[in-house]
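Turn these sequences into a full structure, and let the hints guide you.
Residue strings, one per chain:
Protein chains: 2
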Amino acid sequence: MARWKPNASERLAIAALDLFAERGYENTKVIDIAQRAGLTKSTFFRHFQDKREVLFGGDTLAGLLTEGIAAAPVTASPFEAVTHALDTVGSQVFTAARRDFTARRQAVIAANPELREREALKGLGLTASMTEALRHRGVPDLAARVAAELGALALKIAHERWSDPAGTEEFSAVVRRALGAVRTAGVSSLH
Amino acid sequence: MARWKPNASERLAIAALDLFAERGYENTKVIDIAQRAGLTKSTFFRHFQDKREVLFGGDTLAGLLTEGIAAAPVTASPFEAVTHALDTVGSQVFTAARRDFTARRQAVIAANPELREREALKGLGLTASMTEALRHRGVPDLAARVAAELGALALKIAHERWSDPAGTEEFSAVVRRALGAVRTAGVSSLH
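Which chain is which? The protein sequence lines are H and F, in order.
Following the working numbering from start to finish, the first sequence increments by one per residue and tops out at 191.
Following the working numbering from start to finish, the second sequence increments by one per residue and tops out at 191.
Source of the hints: derived by calculation from the structure; they are not laboratory data.
Hints may be right or wrong, so weigh each one.
Unchecked claim - Here are the simulated EDC-like pairs of lysine to aspartate or glutamate, each with C-alpha atoms no more than 16 angstroms apart in a straight line:
#, chain 1, residue 1, chain 2, residue 2
1, H, LYS122, F, GLU114
2, H, LYS51, H, ASP18
3, F, LYS156, H, ASP141
4, F, LYS122, H, ASP141
5, F, LYS51, F, GLU10
6, F, LYS122, H, GLU117
7, H, LYS156, F, ASP141
8, H, LYS122, F, GLU117
9, H, LYS122, F, GLU119
Put into structure tokens, the structure is as follows:
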């Protein structure tokens, strides 16, 4: 398995996850997370606006999706540009070394209403970022919104499936299958 | 214009909207809203869990969408069942007499991050309700999710357009056009 050398924000996320699992989300303070990660509270707040945010990696994912859509070939359709962006996040964020972390993270989020709420809002932010990036390519507003919604749905489904700790497939394969399934379901729903 | 006789929860919503506009959301307390509506604080909390909720009408919309999907003809496709549900909310919630209220409500929500967040989460709840109602009709999970996402997008677009105070068209006409546009954009995005 590839080595994963966490940076400061990742060390904070891992420390937070350990503490949330040990004592519960409510009983963990920002200072506890920083200390466990061997960092200071002010370092924590340079990376994350609050305790809820620590499991959501700031705006990394939104940024990568935006870049992935911008970098898709000029001839790509909106849905192909979204596919390109999801491949990008697969290779850069959802690597094999992170599957176990992601599975534990999902369990903590599922158990906490505040974290579920933040996750839902983060998902809407990703859709908005993809819509904006598609518009920048000259895609008409409504087509951009639809392609971004369907891409976000495929990302969500792929993330659920890939973060199953029993899984072995790479994210890119899982997300390609999810995109294909969403496309098929979309075409049949719309007829 | 049709007369609209507000019940307790609607009187509370109107009072809240007036107060938020007059003194700002932050400077308005639940007791102020109840008093302005000629009701008690405990009546407020029988209808809404907190101050943020007062502009979102509890679960009325989710319930109507669920009923509308259930009541669609058995032969209806997922997208047609969603269309039937959006017609139902158009005739029961987004009536001509409520356009002005809705326009003022949208302005207050747009100005307040807490209310925008609640609105976003409410939107996700509507998508989840429609997905569940479609599954109850025997629609496969993914087709249900896609049809619900596209229906929610059409509802959002129609709501934005219809709540323009300069508009004169009925909600049902606006939402039908939005559904048609989403369908066309969906078909072209997916090819």
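Hints, one by one, checked against the model:
1. LYS122/H <-> GLU114/F: Cα-Cα ~15 angstroms, so holds.
2. LYS51/H <-> ASP18/H: 14 angstroms, holds
3. LYS156/F <-> ASP141/H: Given that 16 angstroms is the threshold and the Cα spacing comes to 14 angstroms, the pair holds.
4. LYS122/F <-> ASP141/H: Violated. LYS122/F to ASP141/H sits at ~23 angstroms, over the 16 angstroms cutoff.
5. LYS51/F <-> GLU10/F: 14 angstroms, holds
6. LYS122/F <-> GLU117/H: 11 angstroms, holds
7. LYS156/H <-> ASP141/F: 14 angstroms, holds
8. LYS122/H <-> GLU117/F: 11 angstroms, holds
9. LYS122/H <-> GLU119/F: 14 angstroms, holds
Consistency note: the structure conflicts with earlier hint 4 alone.
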